[in-house]
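Student: Sequence:
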Amino acid sequence: MNAGSQDLKRAAFDGDLDTVRRLVESGVDVNATESHGSGTLLNFHPHITEYLLAMGADPNRQANEHGASVLAGLCYVNQVECARLLLQHGAVPDRGRDETLETPLHHGLAGDAGVELVELLIRHGADLNAVTKPGIVSCNFYGQTPTRGETPLHRAAAYASMEIVQRLVDAGGDREIADSDGYLPYHWAGWHRRSKELVLLLRPW
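First residue of the sequence shown: 1, per UniProt numbering; consecutive thereafter.
Mixed in with the good hints, there may be bad ones.
In silico SDA-like links for lysine to any residue, alpha-carbon gap of 20 Å or less [claimed, not checked]:
| # | residue 1 | residue 2 |
| --- | --- | --- |
| 1 | K196 | S161 |
| 2 | K133 | G90 |
| 3 | K196 | D181 |
| 4 | K133 | S161 |
| 5 | K133 | R167 |
| 6 | K196 | D170 |
| 7 | K133 | R175 |
| 8 | K133 | E116 |
| 9 | K133 | A158 |
| 10 | K133 | D98 |
| 11 | K196 | S180 |
| 12 | K196 | R175 |
| 13 | K196 | A158 |
| 14 | K133 | D170 |
| 15 | K133 | I177 |
| 16 | K133 | E119 |
| 17 | K133 | Q166 |
| 18 | K133 | K196 |
| 19 | K133 | V80 |
| 20 | K133 | L101 |
| 21 | K133 | G67 |
| 22 | K196 | G149 |
| 23 | K133 | R95 |
| 24 | K133 | R123 |
| 25 | K133 | D181 |
None of these hints come from the bench; they were simulated from the model.
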């Protein structure tokens, strides 16, 4: 990534549309990335994201510093509008971090995802029963926890609201898929001392 691309990335992150537009019009590549894949789209500003996508930014090309897709990064911080724009421009709803097979939904449920974001991913065809590759340290959870072959419903059982858990179950989240250690979302809910109502919702029998 050259100096112009660095300036564009910085202006995008700052939400400075005038500078972004000037740099793009001068010929700076909207798809230029750092060696690890980080580029302009992980900026958290809908007006910047909309402009960059209109100018040809590829929503599936860039990543964050951990190798997770831009969509996954946006889902982690519950940036609904930027995520919506990426999905409207062809972002793959299940491409998160290739190394761990975590999807954007996995990332969101380990972070701050709200009901609106979860419903957005569901509408765009997110796989509610995608399973992570076990035994690899996730870039979520402060880099301290390995993946365990869990589905999004496992993570929702541990961290999400009752409304999100209900929405996932209603949309086809499978309560009977076990993680790599044989544990169900029901067990995860119990370990995390969730409400009785939530635990019973996840009970598969």
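Student: Next, verify each hint and record whether it holds.
Tutor: Against the structure, the hints:
1. K196 with S161: 13 Å, holds
2. K133 with G90: Between K133 and G90 the Cα gap is close to 25 Å, so the pair fails against 20 Å, i.e. violated.
3. K196 with D181: Cα-Cα ~23 Å, so violated.
4. K133 with S161: 25 Å, violated
5. K133 with R167: 24 Å, violated
6. K196 with D170: 19 Å, holds
7. K133 with R175: It holds: about 19 Å lies between the C-alpha atoms, which stays within 20 Å.
8. K133 with E116: 27 Å, violated
9. K133 with A158: Holds, because 19 Å separates the two Cα atoms, which is no more than 20 Å.
10. K133 with D98: 9 Å, holds
11. K196 with S180: 25 Å, violated
12. K196 with R175: Holds - the C-alpha atoms of R175 and K196 are around 16 Å apart, at most 20 Å.
13. K196 with A158: Holds: K196 and A158 sit about 13 Å apart, inside 20 Å.
14. K133 with D170: At roughly 25 Å apart (the allowed maximum being 20 Å), D170 and K133 break the hint.
15. K133 with I177: 14 Å, holds
16. K133 with E119: 24 Å, violated
17. K133 with Q166: 25 Å, violated
18. K133 with K196: Violated - the C-alpha atoms of K196 and K133 are around 30 Å apart, more than 20 Å.
19. K133 with V80: 26 Å, violated
20. K133 with L101: 6 Å, holds
21. K133 with G67: Given that 20 Å is the threshold and the Cα spacing comes to 15 Å, the pair holds.
22. K196 with G149: Status violated; Cα separation ~25 Å.
23. K133 with R95: 14 Å, holds
24. K133 with R123: With a Cα-Cα distance of about 25 Å, the restraint between K133 and R123 is violated, given a limit of 20 Å.
25. K133 with D181: 12 Å, holds
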